[in-house]
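Please take these sequences and the hints and turn them into a complete structure.
Chains A and B, in that order, are what the protein sequence lines are.
Those letters in the first sequence? Residues 1 to 152, by this note's numbering.
Those letters in the second sequence? Residues 153 to 304, by this note's numbering.
Honestly, the hints are just simulated from the structure, not real lab data.
Not one of these hints is a red herring.
Take a look, some chain B residues computed to stay more than 12 Å from chain A by CB distance:
#: 1; residue: Ser154
#: 2; residue: Ile158
#: 3; residue: Glu160
#: 4; residue: Glu176
#: 5; residue: Arg177
#: 6; residue: Met181
#: 7; residue: Arg182
#: 8; residue: Ala184
#: 9; residue: Gly188
#: 10; residue: Gly189
#: 11; residue: Gly190
#: 12; residue: Arg191
Okay, the calculated bits of chain B under chain A, using three or more residues with CB under 8 Å as the criterion:
#: 13; segment: 203-216
#: 14; segment: 233-242
#: 15; segment: 253-266
Cβ atoms here follow ideal geometry from the backbone N, Cα and C, with glycine treated the same way.
Protein chains: 2
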Amino acid sequence: MSSCRIGEAAQHVGMSADTLRYYERIGLMRRALRDGGGRRAYTDAELERLRFIKRAQAMDFKLAEIRQLLELRDHPPSARVEARRLAHDKLAEVIERLRTLRHLRDELRLLLNLCLGAEQCPILELNPHPLKRVAPAIRKRQPAARHRHAAR
Amino acid sequence: MSSCRIGEAAQHVGMSADTLRYYERIGLMRRALRDGGGRRAYTDAELERLRFIKRAQAMDFKLAEIRQLLELRDHPPSARVEARRLAHDKLAEVIERLRTLRHLRDELRLLLNLCLGAEQCPILELNPHPLKRVAPAIRKRQPAARHRHAAR
DNA sequence: GCTTGACTTGGAGTCTACTCCAAGTCGGAA
DNA sequence: TTCCGACTTGGAGTAGACTCCAAGTCAAGC
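Laid out in structure tokens, this is it:
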């Protein structure tokens, strides 16, 4: 059972010390024990928990979702079913986003190709069909972070 | 040359009146003319500009990028080359993001399948290889909006 | 004339995930 | 002992894209 200070811990898991403090503040991590000088002493278990958080973020889970996953890890009994649901939901999101992006890719390619020949650059209209003043039927924007979550 | 007030304009283009005010405030739209009562009077050209903004957003362009596109529209001479570059850059982004998401989709599918048979739910480790304590080589998260852009 | 919905302005607030600041402590190295 | 990097805390700030607030005006309809 070793422990390390915040700077070292941060380095181990590839995050900033400030991020670790932030996670403690918002409750994603429990309050770390302090050493005699009042400094945080991270255990191996805590480093592992941080690594889990990092992996989850790499998989596009938001902190709120990660919080849920962490809670499931803390209460194994019914964890499996719920964890499956979270992963399933995330998969559905990803698949949907893939659809949207494929469509967007195709649209952009088309615009770029048309730009080569057209007299009017279609990119400046974002409309591949200059003669039809109809906006392209692009899927509504993926809802960005809520803040501008003008749910687009 | 007709004109309409902000509420009507907002409805026409599918945005909120507040968003239109915001766009004027940040300079994405020029200051609209005011009627005798001090209220904004949107021209058809301005409605069209707003529609362009909306189309660009649907194509994952950020407001800063949209600003650039709008400027190109205002100065046609060298617009084409620059517009091509912006669209090309966006296409590259989209393609890269598609790669990342495909990988993530596969990873999630694997985890969900493994979850069915494993004694330990691999989702709660976010690691398809329980015997190998190595984090999955997931691509670094797509940089979200800068704010949390914790470049993920 | 009165009512009321639409609108004005400047500025603050929201969301998410951090990051920075300021003032002070700790402790290892010189 | 002194120096200085690492660390503490509470709180404010950042980014991007909105959205809400408060106090007041406008004008159509009754």
